[in-house]
Each structure stands twice: as C-alpha cells, then as structure tokens.
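Here the structure of chain A is known, so what remains is to put chain B in place on it, guided by the hints.
The lines below spell out each chain.
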Amino acid sequence: MSETPVAEMSFEQAMAELEQVVGQLERGDVALEDSIKLYERGAALKARCEAKLKEAEEKVAAITLDGNGAPSGLKPVEGL
Amino acid sequence: MSDLIDDPREGENAPEFSVTELSGAIKKVIEGNFGHVRIRAELGRVSFPRSGHVYLDLKDDKSVISGVIWKGVVSKLPMRPEEGMEVVATGRITTFGGQSKYQIVIEDMKPAGVGALMAMLEKRKAQMAGEGLFDPSRKKAIPYLPEVIGVVTSPSGAVIRDILHRLRDRFPRKVLIWPVAVQGDKCAPEVVRGIEGFNNFTPGGALPRPDLIIVARGGGSLEDLWGFNEEAVVRAAAASDIPLISAVGHETDTTLIDFASDKRAPTPTAAAELAVPVRLELLSWVDDQGARLTRALTYGISQRGQRLRDLSRAMPRADTLLEGPAQRLDRAAEKLPNALRRSVDTRRLKLTEAAASLRPNNLRRAVDAKREALGRRSDRLSIRPIQRDIEQKKKNLDALNRRFVTAANAQTGIWKDRLESLERLRKTLGYEATLDRGYAVIWDGDQVVKTAKAAKKAGALEIQFADGRHATDGTGSPARKAPKPKPPMPDQGNLF
Chain A
169 MSETPVAEMS FEQAMAELEQ VVGQLERGDV ALEDSIKLYE RGAALKARCE
219 AKLKEAEEKV AAITLDGNGA PSGLKPVEGL
Chain B
16 MSDLIDDPRE GENAPEFSVT ELSGAIKKVI EGNFGHVRIR AELGRVSFPR
66 SGHVYLDLKD DKSVISGVIW KGVVSKLPMR PEEGMEVVAT GRITTFGGQS
116 KYQIVIEDMK PAGVGALMAM LEKRKAQMAG EGLFDPSRKK AIPYLPEVIG
166 VVTSPSGAVI RDILHRLRDR FPRKVLIWPV AVQGDKCAPE VVRGIEGFNN
216 FTPGGALPRP DLIIVARGGG SLEDLWGFNE EAVVRAAAAS DIPLISAVGH
266 ETDTTLIDFA SDKRAPTPTA AAELAVPVRL ELLSWVDDQG ARLTRALTYG
316 ISQRGQRLRD LSRAMPRADT LLEGPAQRLD RAAEKLPNAL RRSVDTRRLK
366 LTEAAASLRP NNLRRAVDAK REALGRRSDR LSIRPIQRDI EQKKKNLDAL
416 NRRFVTAANA QTGIWKDRLE SLERLRKTLG YEATLDRGYA VIWDGDQVVK
466 TAKAAKKAGA LEIQFADGRH ATDGTGSPAR KAPKPKPPMP DQGNLF
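Same order as they appear, the protein sequences are chains A and B. End of the first sequence sits at 248 in our numbering; the numbers just go up one at a time, nothing left out. End of the second sequence sits at 511 in our numbering; the numbers just go up one at a time, nothing left out.
One thing to keep in mind: the hints can contain errors.
[Stated by the list, open to error] These stretches of chain B come out as covered by chain A in the derived footprint (C-beta under 8 Å, 3 or more residues): (1) 171-184; (2) 189-199; (3) 295-308; (4) 313-323.
[Stated by the list, open to error] Just so you have them, the derived chain B footprint on chain A, three or more residues with Cβ under 8 Å: (5) 209-217; (6) 224-233.
Source of the hints: derived by calculation from the structure; they are not laboratory data. Ideal Cβ placement from N, Cα and C applies to all residues, glycine included.
Isolated chain A, as found in the complex (with noise of 0.2 Å):
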C-alpha cells in the first residue's frame, strides 16, 4: 500500500490501488482480518475514483494574449 492517503491520491494512483486491493483479495491469501481491512481500503479507493470521476466538468477557456503575445487573461469558449 502507498504512503499516500487515499483522499490526495490521483485517480490514477487509487485506481491503480484498488485493482491492486481486488487482485489480492480476490487470490483469497489474505488473513481475515487483513481483508476486511482491505476490503475497507478498496472501498475508500473505489470512493475515490468515483469522486474524481464525478468531477468530470467541462470548461473550455480560451488564453487571452496581449499585444506581446504574453497570456493576458482568460476567455471561456462556448458553442465549440
């Protein structure tokens, strides 16, 4: 298990995670106790990878140069 907790992590790493915790728990080699921890882990995991799943949010904005061409500000973009 990494060091990072779940909450931080990004959805690659809890999703690497939690196949992880699946693989193992589903090889059946684990103590009791220790998989329902891991069933916990997964859990909290699965959670995770949902939350960041449900930030799936568009937002097109377009980068605004000044005369220079330096990046001045933003423009959201619609209709594209």
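Then chain B, alone, in the frame of chain A:
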C-alpha cells in the same frame, strides 16, 4: 452545344463544327473528366515570367504535359519549382484553344521522393536527432487523467472542435486554448510561445497550469505544416516540462514536432483519445472493481465458512471417536466370559482327555497286576521249605550230634583210659612214689638241688618228703613248700 455531344449517333454524319465550337467541346470533355488529377512527374523546363505565373513541363520518360501555376498558388508552394525536381502535382487539365494545346493548371505541388524540401527536412531531423532531442528516454509519460489540458492550436476550425468533442465524449475536462496561427510565417513563433507560455504557468496560479499540452493542426500540405518542422517549435516541444502530445496533419503526415513530442497522435481526435480515458468505462470499471471487491470479500468469507464447515465435518465428533473403541470394548466384554468359559472348557476338555486314561481302574488294574505278580511270587516264597530245610538240617544236626557224642564219648573213654594208665605210669615213674620208699628231694626255692656243691651254695634248703616238705637251712630254716603239682590234663570228655 451540349446536345451535340450528349447524343452522338454512330454512322450519322457529324454536323459541322466551327473550330471554336469543337475546341470548346473538347475543352468541356477534358475539363469534365480531368477536373481534379494528381500526377507524379519530373519537372522539365520551368519558366518564371514577369507575370508571376510559372510555366513548366511535367514529364516522364515518354511524355510531356505542359503545366501552369498561377501566381496565387505559387506563393503557397512549399518549394520553388526547379527543373529536374520529382514532384506530385494536383490540379485540373484545361485546354488552351488558341494553340490547340492542353495543359495542367497546378493547384498544389509537393516534392516527391527525396525532394528538396524533404532533403532539408531530413537534414534537420538528422541534426536534432543527433542532439538527442528525439531520444525515447526524454519522453515523459502522459498523465492518465489530466485535470487541465492545454491545447495549442487555432481557436477556430475543425481541429479544436474535434478535440473538444472527443474530450466531451470521453471525459469532460478543463481545456485551455492557446490560440496560434497554424500556418504561415507566424505559425512557428506563436506555437513556440504557446508551449513555453503553458510551461510558464505556475501551478495554482491565476491561470491553471495544464497537466498536458496538445499541439494540434489539421491536415494540409507539407508547406501548410511547415511551421511544425521549424527548429524552434521542435526544440520548444522537446523542452516542455509538461507532457506534450503532437497531432499535426493527417496520419500520413509526419512533422518534426512529432519526433520531439512525448506522444504523437495521428489526428487531433486521436490526441483527445490519448489525452483522457473514457469516463463511462472508468465508471463501469470502478463499479466492476467495487463488485469484485465485495464479491471477493464475500467469497473469501463464505469460502472460509465453507472450509470451516468442511473441516468441522471432517473432524470426527468426540462420541464418534469413542464409538469404535466403545464398541470394541463392548464386544470384548461380551466375549470375555465366553472366552473364559471357553478357555476353561478347553482346559476341562484337555483335562478330561488327560484324565480319561487316568481311571482308578487302570491304576487298580495295574496295582492288581502287580499284586498278582507279587502274590505269585509271594506264593512261591513259602516258609515251609525253609522249615523243612531247617528240620532236615536239624535232623542232620541231631544225627551228626549223636554220632559226634558217640564218637566223642568213645574217644574220651579211650583218652580217659589212656590218661589213667599214663597217670599210673607217671606215678610209678615219678619221684614222689620214691618218696614213699624213703627218698627225699632237696629244693632250693624252685630248684632241685642235685649236688652237694649246689647245696652248699644254696641259702636255705627244703626237704620234701612223702608227707610234706621240711625247711632246713644251716640255721634250721623251715622246710620249703612242696612244688606245685603239674596241671592235670584237660578232660575232653566233659565238653558236652
């Protein structure tokens, strides 16, 4: 005019055309059929008249077609046409009625094979590859799920729309568009500024720093895409700290930025696909994982439960454990008296068998036999023969005794007579008888004194007379005792 062409009928005499009419008809056929052609050829004679148009010959080893490139097209060509160049030209065939000529009006032309541009491209590529800009070790991993995606492209047009659409389909994300010109002279510097600009955003700053950059442009001619072959662009892409996906042109088009980018997408749409995973798939994956998690736990628990039940089934109950031995005990206990009895019986039987021959009768018979034998013997052992014998022997003894007594008496009688006669003889012959006749015997103690010399020597002398002894010595010593008479002869006859 058209109906003349549309319905030609064989064998019919062709109507008369004017030259212009025929020329026009030919033009229509040719331009209709060859409105858009792509031709590969080597450039022959090339002329650049003052007008700005370019006239040239396209040829191969057998044929030649004249061509013209109008001024407006010339400026967009990626290269300056030169004689001997291998090119692929796109355009339409047109006729030039004034000279009974046809020619191709070239709308696009690219070097074919190792053309000049390509040669330059290859040279540049080899140089930058030599610098290690394209090394696989420089490639950064594309984040699995970027939060913010920066897209360097034209803000209008199909490319950004395709990207946004595909992102929306897969996984809606925050997208920052850095507007650039994607062709022409301004392309390269703007793209460079875009890549560097995104990299300069500070994480958590006013402008969110992208996790991923996509540099995109739609398909186009080599010349259209030329900006993405520029060294500055390639270097900027290679230097980007943010992972960068290049998606320039169509799949067949390869620009140098593709070598420097961390990932090359064949199309802008494909870039969007590389950039984000499919959200719905992930959701179902997560659901699936959750289900597997639950199933695995449930399975693990039920498996253990099953195992426990199996084991407890397999584990014999205490009473079951005892059943066998108890039964054995019972059976043994049951058998014990019988066994004892049987054992006693067996022994009794043996005893009986042994005792059978041990009947008192047998003994008795044996004793009887022995007794009989004894009797027989004892019968023979009678005392009568002995008594008879004794009697016989007694008789014999008596007879013998009588004979002996007779004989002994006779013998003793004889001996008595002889003895008496001898006594008489002795008395006659003896000194004592002489005494009666007046003779005497002188004794010195026990010694007879025969001589006067002996008498002189003797101390005391005894004189025996017939009636006794008279001791005399010189001094008148008493007479000596008479000598002891001789012992009489034993009388044998008195034995019995």
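Okay, which hints does this one fail, numbers in order?
none
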